[in-house]
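Peer 1: Could you build the full structure based on these sequences and the hints that come with them?
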Amino acid sequence: MLSPRGPKACGGGAADRQIHVLAVDDSSVDRAVIARLLRSSKYRVTTVDSGKKALELLGLEPNVNMIITDYWMPEMTGYELLKIVKESSELREIPVVIMSSENVPNRINRCLEEGAEDFLLKPVRPSDVARLCNRMR
Amino acid sequence: MALHVSSAPPISAFHHLLCFFFHDTYPEMEYASSLQRQLASMKKNLFDQGYLDEQFYQLEELQDESSPNFVEEVVTLFFRDSSRLVANIDQALQKYPQDFRRLDNIMHQLKGSASSIGAAKMKNECTSFREFCNKENREGCLRSFQKVKKEHAVLKQKLENYFQLLRQDGPVDKATRSGN
Chain A
563 MLSPRGPKAC GGGAADRQIH VLAVDDSSVD RAVIARLLRS SKYRVTTVDS GKKALELLGL
623 EPNVNMIITD YWMPEMTGYE LLKIVKESSE LREIPVVIMS SENVPNRINR CLEEGAEDFL
683 LKPVRPSDVA RLCNRMR
Chain B
8 MALHVSSAPP ISAFHHLLCF FFHDTYPEME YASSLQRQLA SMKKNLFDQG YLDEQFYQLE
68 ELQDESSPNF VEEVVTLFFR DSSRLVANID QALQKYPQDF RRLDNIMHQL KGSASSIGAA
128 KMKNECTSFR EFCNKENREG CLRSFQKVKK EHAVLKQKLE NYFQLLRQDG PVDKATRSGN
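If you read the sequences in order, they're chains A and B. Following the numbering used here, the numbering of the first sequence begins with 563 at its first residue and continues without gaps. Following the numbering used here, the numbering of the second sequence begins with 8 at its first residue and continues without gaps.
Simulated from the structure, these hints should not be mistaken for laboratory data. Backbone N, C-alpha and C define an ideal beta-carbon position, used for all residues, glycine too. Don't take each hint at face value.
From the structure, some residues in chain A lie toward chain B, with a derived Cβ separation under 7 Å [what the hints assert, rightly or not]:
| id | residue |
| --- | --- |
| 1 | Val591 |
| 2 | Asp592 |
| 3 | Arg598 |
Peer 2: Shown next as C-alpha cells:
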C-alpha cells in the first residue's frame, strides 16, 4: 500500500520500490511525451506501441503499478486492452488510465464503466500525471 | 495566457553599456547574447504567427539536465512520422473509389501528433481536412491537403532553423571562458 504522500512528495519513489508504469501508444511522438512526463515524476516507465505488446509484457512482468494507454490504436484499442486486463484474474488489480485526443462523452463513460481509473485528454499535462499519483497500485 | 520569452525585459541602456564595456574583454559574451536575442525573437514569431501553441511550451518545461534535447528529439520524431503519414495520404487520395474512412484515420494520427508538439496551424488544417472527409468531399480534401502539406513544409523549415540556432547557443558559461 502507498504510504501517505504530500502533493509534492508524490512520485516514483526510491529505486528499490520504484513505481512502474506501462505506457501504451502507437504514436512515437506521444510515447516520448508520456514517458518524459512520467519520468519527470520519477516513475519507472516502459513504453510499448500496441495492446498486444502490452499484454505480452504484462505476462512476463507482473510488477506494473499502472497502465496508461491511448484509446485509438490499430488492431486493439485501449478500450479492448482495458477489458482484457479487467477480465484477467492476474491483471485486474492494475489501474488502467485511458488517453484520447478526442473528447467523446460516450467513449469516456464506456471506459469508466469498464473500470478505467481515469480518462485523460491529450495533450496530457503534468497536472494530469500529478492527479494519477494516488491511483497507483 | 502569459507569453514567456527568454529575454523578456526590453533591452535597457544598462545592457548596452554592459555590452560596450565587455566587448573587447569578452567578445564571445556579446555574440552569445545576440544569438539568444535572435532565438527569442524567432520563438516569439513562431508563437505570434500561430505556428506553435502552448503545448510547445509544455514540452520545453519537460526539458532538463536529464533530458537536455527533449524538445528537438520529439520534434524530430514528429517529422519522421508526419512525412510518412503525408505520403500515405497522398497515395490514398490517388485511389478510386475514395476510402474516406482510411483517409480520416491517417489524418487523425497526423493531427494527434501535430497537437502533441504544439503545431497549431498544422493541427487546424488537419481538422479542416477531416471535416471534408466526413462530408466525403473529395475536392475539399484535395484542396485542404495542399494546405496541410504547405504548413508541414513551412513548420519543418522554421523548426530546423530554430534548432540549428539553438545548438549554436551553448550553455551561458561558454561565453565567459577566456580563449575559445
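Peer 1: Could you tell me which of the hints above the structure violates, numbers in ascending order?
Peer 2: none
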